[in-house]
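Given the coordinates of chain A, work out where chain B should sit on it, guided by the hints.
Number of protein chains: 2
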Amino acid sequence: MFRSSHDAEVVPAGFVLFEEGDTGEIMFAIADGHVELTHRGAVIEKIGPGGIVGEMALIDDSPRSATAAAATETRLVRVDREHFMYLVQEHPTFALQVMSVMAERLRKANH
Amino acid sequence: MFRSSHDAEVVPAGFVLFEEGDTGEIMFAIADGHVELTHRGAVIEKIGPGGIVGEMALIDDSPRSATAAAATETRLVRVDREHFMYLVQEHPTFALQVMSVMAERLRKANH
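So the protein sequences, as listed, match chains A and B.
Each residue of the first sequence is one higher than the one before, counting from 1 in our numbering.
Each residue of the second sequence is one higher than the one before, counting from 112 in our numbering.
If we strip away everything but chain A, and leave its shape as in the complex, we get (with noise of 0.2 Å):
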């Protein structure tokens, strides 16, 4: 569904991919490796192989709710708006993947 592996990165621990606060327009896919998301300098996710961290600036047009950074080396994917909205349009099993991690942080977020 995203593109293919030649469009995957890789970035080293430690690598910040968005700090709370920045204006973004970037969803990052994981392919490999772990990312924190971290609020007022205490984790509140971690994301692994799967996983998707950003979409949230994506769709709101809001800065970036959390920081996030690589815990591991991590290969990952950058997914743009207009890729983004392409995803939307033509996938909605991607539509209904991007909601399903949404549920499951507002359901973490509310215990």
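Keep in mind the hints are simulated off the structure, nothing from the lab.
In this text the structure is predicted, and so the values were computed from the model without any measurement.
Note that beta-carbon positions come from the ideal geometry of N, C-alpha and C, so glycine has one too.
Errors might be hidden in some of the hints.
[As the list claims (entries may be wrong)] Restricting the straight-line Cα-Cα distance to at most 27 Å, the calculated cross-link-like pairs of lysine-lysine (DSS-like) are:
no.: 1; chain 1: B; residue 1: Lys-219; chain 2: B; residue 2: Lys-157
no.: 2; chain 1: A; residue 1: Lys-108; chain 2: A; residue 2: Lys-46
no.: 3; chain 1: A; residue 1: Lys-108; chain 2: B; residue 2: Lys-157
no.: 4; chain 1: B; residue 1: Lys-219; chain 2: A; residue 2: Lys-46
no.: 5; chain 1: A; residue 1: Lys-46; chain 2: B; residue 2: Lys-157
[Claimed, not checked] One-sided and incomplete, this derived list gives chain B residues near chain A with beta-carbon spacing under 7 Å:
no.: 6; residue: Met-167
no.: 7; residue: Ala-206
no.: 8; residue: Asn-221
Frame of chain A, contents of chain B only:
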């Protein structure tokens, strides 16, 4: 996008759409009036015309994470899973609207 208005129903103030912990397979689109979402007795959101509530149970099959009740006389449209999947597949703007509502709720929950 939703079915025609003869599928809408009017419920009185106080009518409970669903309760925290219920299993449920219906989302509600609010046409007129207001619905209050409460979690452990505290109001977490008021949803007005054009809003949706109950989408999470359709997405991930989990029990309701909050209680929803009409705060005023409310006109609403029930959207079952089959209709929801149809909307996601045929109307990408619907999927984006659902994601947008969830993103807003996530941002609120994180604050």
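**Asked** Against which earlier hints does the structure fall short, listed by number upward?
**Response** 5
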